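Undergrad: In order, the protein sequence lines correspond to chains A and B. Per the numbering used here, the first sequence starts with residue 1, numbered consecutively. Per the numbering used here, the second sequence starts with residue 1, numbered consecutively.
Calculated directly from the structure, the hints in this document are not laboratory data. No experiment lies behind these values; they were computed from the predicted model shown. Worth double-checking, as some hints may not be accurate.
[Stated by the list, open to error] Each pair of labels, with its calculated beta carbon distance range: (1) A:Gly103 / B:Asp301: 30 to 38 Å; (2) A:Glu253 / B:Gln182: 32 to 40 Å; (3) A:Glu154 / B:Tyr151: 33 to 41 Å; (4) B:Glu269 / A:His282: 44 to 52 Å; (5) B:Gly404 / A:Gly103: 51 to 59 Å; (6) B:Asn255 / A:Glu253: 34 to 42 Å; (7) A:Glu177 / B:Glu269: 57 to 65 Å; (8) B:His129 / A:Pro324: 53 to 61 Å; (9) A:Lys355 / B:Gly103: 51 to 59 Å; (10) A:Gly35 / B:Ser372: 35 to 43 Å.
Cβ atoms here follow ideal geometry from the backbone N, Cα and C, with glycine treated the same way.
Number of protein chains: 2
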Amino acid sequence: MKIILLSGGSGKRLWPLSNNARSKQFLKVLQDEEGSSESMIQRIYRQIRKSLPDAEVLVTSSEAQGDSVRRQLGDQVENVLEPSRRDTYPAILLSGAYLLDRGQMDEGEVIAVLPVDPYVEQDYFEKLHVMEQALCESGADLCLLGISPTYPSEKYGYITGGTAADKPYGHVKSYVEKPDLQTAQRLVGGGAYWNGGVFVLRASFVRKLIEKEIGEVSFERLYAQYASLPYTSFDYEVTEKSTSAVFVTYDGEWNDLGTWNTLTAKMREPDGGFVIRGENCHNTHIINELEIPVVALGLRDTVVVASADGILVSDKHASSYMKPYVEQIHNRPMYEKRQWGEYRVLDFAQCRHGKENSLTKHLYVEAGRSISYQKHDLRDEVWTIIDGEGLFLLDGEVREVRRGDVLYIAKGRRHAMATREGVDFIEVQMGTELVEEDIERFPWDWGSLLRPEEGPESDT
Amino acid sequence: MKIILLSGGSGKRLWPLSNNARSKQFLKVLQDEEGSSESMIQRIYRQIRKSLPDAEVLVTSSEAQGDSVRRQLGDQVENVLEPSRRDTYPAILLSGAYLLDRGQMDEGEVIAVLPVDPYVEQDYFEKLHVMEQALCESGADLCLLGISPTYPSEKYGYITGGTAADKPYGHVKSYVEKPDLQTAQRLVGGGAYWNGGVFVLRASFVRKLIEKEIGEVSFERLYAQYASLPYTSFDYEVTEKSTSAVFVTYDGEWNDLGTWNTLTAKMREPDGGFVIRGENCHNTHIINELEIPVVALGLRDTVVVASADGILVSDKHASSYMKPYVEQIHNRPMYEKRQWGEYRVLDFAQCRHGKENSLTKHLYVEAGRSISYQKHDLRDEVWTIIDGEGLFLLDGEVREVRRGDVLYIAKGRRHAMATREGVDFIEVQMGTELVEEDIERFPWDWGSLLRPEEGPESDT
């Protein structure tokens with residue numbers, strides 16, 4: 001079995017901890033069995049490994065999420081980067097094409113597609129074996145996972161159809177995606193199941209879907225034509241139209257953790273970061289990623305979250321409705337983890353006269369990493385090294401730099417930084433347009449320069 | 001009449017907008033008659049000027065408040081800076097010594113002492129005329145202002161004694177400072193008044209108090225011996241013991257605005273700064289001085305205040321009890337207004353190895369101002385000019401600097417910055433102890449360099 005993990009969107013309902021580069025599935029707010037903090041994607045991956053130790057796992061994500069995927073799951077997974085954000089139908093086709101075209105997948109194998117964000121028990125992953133078996137026995141194209149509904153939601157798809165007593169699966173009689181409230185009530189009353197967004201598919205079925213769109217199974221062509229694929233969900237495009245689907249049911253815990261209300265219920269500690277709270281707070285969670293303190297007094301059923309991007313103060317229930325308010329904010333991300341390290345925006349200033357701007361950042365490059373060799377056309381930069389040592393590359397010349405050194409990088413000059421031990425610097429950008437897009441990258445091989453220096457061997 | 005305005009302490013109950021350098025009386029959260037924003041001290045001063053246009057006004061404050069006093073009241077008031085924070089008794093003696101010794105005050109004149117923070121009507125200041133008249137007619141040493149109590153508070157002093165129908169004042173029969181609840185209930189039931197903290201005193205009486213402490217009326221000696229004066233309030237030391245006091249009553253609005261609960265009730269706008277609120281917030285005030293947004297949803301009776309020093313989220317009533325929580329915070333102030341301009345701390349970082357630290361600030365020097373000529377023994381500094389032009393002084397040599405210039409100031413080197421048009425720079429400090437105390441100041445006269453350059457005269 002091959003597994004496709006669909007890494008979803010930014011999760012605006014978990015603002016200000018989630019932004020385009022830092023989606024909710026990467027927030028390390030949960031705890032693993034040993035009590036160490038882990039993210040949703042790390043939890044899901046750990047659970048998959050437990051039930052399916054040998055399955056190949058492919059993570060499909062946006063380009064902006066690529067760094068986070070590698071940082072949190074390492075090299076043990078493959079990562080397909082969508083060229084643009086579409087919906088689950090194009091994403092599943094792209095991932096399928098990768099497996100079929102690049103991975104030389106056996107046509108007899110099955111592909112399991114899983115969303116990355118549900119909070120579930122281990123039994124959920126054991127169901128993947130049952131779903132594979134159901135597909136083989138029934139000869140169907142796809143197998144769904146039916147979840148026992150807890151209320152007549154208008155957000156989910158509904159599966160109807162009974163399961164025979166002697167079989168671990170049933171045939172889908174009808175499928176209704178996102179019904180109105182009245183229909184949802186009737187469906188729940190009639191014993192329907194929610195569609196949990198898990199699909200087990202025959203490789204040959206995925207092949208047919210891809211061929212329908214672009215005529216052949218080519219990852220390269222699908223990647224190039226990605227923006228022209230239908231902007232729609234797999235449920236609307238495939239599940240709802242299918243006449244050959246079976247389903248398996250799961251009745252354990254199933255929680256989407258997509259809002260602060262649901263996520264805080266799974267957090268072991270009510271506070272994170274520099275928080276001072278009075279004794280008179282009840283059912284209140286406070287997460288503070290800033291260096292300044294949060295003082296909380298007399299709060300009830302409240303969530304307070306402070307990050308470099310902003311501050312949320314919300315009644316827990318009301319936090320589910322934050323999306324339209326957060327969509328009014330168009331600030332640039334103020335904090336990002338990257339593959340080479342991380343940065344935080346400290347200051348942005350517009351000049352009093354003219355159109356010039358300044359932006360100040362604190363950057364940290366991790367030991368053994370480097371920032372890409374780059375130039376900017378619209379800004380000068382001043383770097384002041386405040387911690388560690390690095391290798392500074394300017395127009396092809398490398399020199400060692402350390403705490404106290406000040407580097408002036410005029411617009412148009414090619415530059416990079418690498419470090420064996422880790423380096424921090426304050427960057428002051430000055431120019432008219434201070435955007436991440438003003439960058440041109442060039443190849444550069446640091447080679448052996450980046451490996452730690454070897455000391456004399458010790459006899460003891 | 002001479003007026004002493006006692007500028008009180010930092011007002012921990014209005015954290016995070018108040019800190020040692022930025023006390024509550026300087027917060028511009030009120031509105032004047034034209035709708036412009038004003039602070040408590042500006043409001044009091046405006047009201048004094050209306051009732052007593054010619055009275056000389058002296059503001060007594062801590063050294064840290066000196067910049068704020070000059071910034072908000074300008075040169076129209078004199079400012080006595082206490083060498084250390086004591087209580088109202090030493091503060092009144094020091095101010096009195098200044099008036100008697102330096103100001104050559106007439107012994108027949110009276111001195112009115114007023115706290116800086118009550119929110120009152122204009123009639124409160126008209127009462128100062130009545131109090132002066134009461135002192136003359138009665139021959140008493142001091143005249144108090146009695147406030148009609150609204151509840152049996154344990155925080156105030158109580159004045160008992162009736163007023164005759166034909167006189168605008170009464171003789172104080174007894175004075176009880178901060179009674180227990182039972183006594184307070186009895187006093188309120190018996191028609192006692194709160195002591196409003198306003199005193200009108202004979203100059204000769206103040207002279208006697210000073211002579212009792214140091215033997216002579218010398219501002220210089222009192223200033224030098226300030227730390228050895230009794231650390232006590234004027235109410236305990238003088239009012240409670242006095243056998244010759246009269247009082248005048250005031251029954252208009254009298255509100256101390258010392259907590260977020262009382263202050264927000266006087267704010268015309270519920271929000272300040274970058275705030276996005278859902279429609280479902282009730283009786284909620286949000287003040288945001290940060291550049292990142294605050295999103296508020298579903299809050300009731302809540303106050304949210306975000307500043308560079310920290311974030312308060314509190315039930316309005318509970319905010320009155322914040323003092324012990326805020327006293328746990330020992331961070332340095334992150335934002336300060338100074339006489340030369342202002343600065344904001346952007347970043348603080350400890351080196352991963354060793355004891356070195358780094359601190360990054362954004363400083364703004366106002367047009368026509370300069371930073372004192374100074375040197376630091378424990379840190380190097382890198383200044384990157386990001387806006388405007390300035391005059392940079394290094395070890396006695398002045399040169400013009402502008403946006404884009406980078407200045408390296410090694411420890412031990414004397415430096416200063418002045419500007420005709422205003423200048424912004426990012427300062428990176430690097431050293432072992434990054435404290436405001438690591439500074440030695442030197443005299444320097446910028447002379448005509450700081451005046452705006454004169455252009456050719458125009459005929460039109």
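Undergrad: Please go over all the hints and tell whether each is borne out by the structure.
TA: Consistency of the hints with the structure:
1. A:Gly103 / B:Asp301: 30 to 38 Å: Violated - the Cβ-Cβ distance for glycine 103 of chain A and aspartate 301 of chain B, about 59 Å, lies outside 30 to 38 Å.
2. A:Glu253 / B:Gln182: 32 to 40 Å: violated, 57 Å
3. A:Glu154 / B:Tyr151: 33 to 41 Å: violated, 52 Å
4. B:Glu269 / A:His282: 44 to 52 Å: Given range 44 to 52 Å: violated, Cβ gap about 30 Å.
5. B:Gly404 / A:Gly103: 51 to 59 Å: holds, 52 Å
6. B:Asn255 / A:Glu253: 34 to 42 Å: For asparagine 255 of chain B and glutamate 253 of chain A the Cβ distance comes to about 53 Å; the hint is violated.
7. A:Glu177 / B:Glu269: 57 to 65 Å: With a Cβ separation near 46 Å, glutamate 177 of chain A and glutamate 269 of chain B fall outside 57 to 65 Å, so the hint is violated.
8. B:His129 / A:Pro324: 53 to 61 Å: holds, 58 Å
9. A:Lys355 / B:Gly103: 51 to 59 Å: Holds - the Cβ-Cβ distance for lysine 355 of chain A and glycine 103 of chain B, about 53 Å, lies within 51 to 59 Å.
10. A:Gly35 / B:Ser372: 35 to 43 Å: Given a distance of about 53 Å, which is not inside 35 to 43 Å, the answer is violated.
Going down the numbered hints, you'll see the structure goes against 1, 2, 3, 4, 6, 7, 10, while the others check out.
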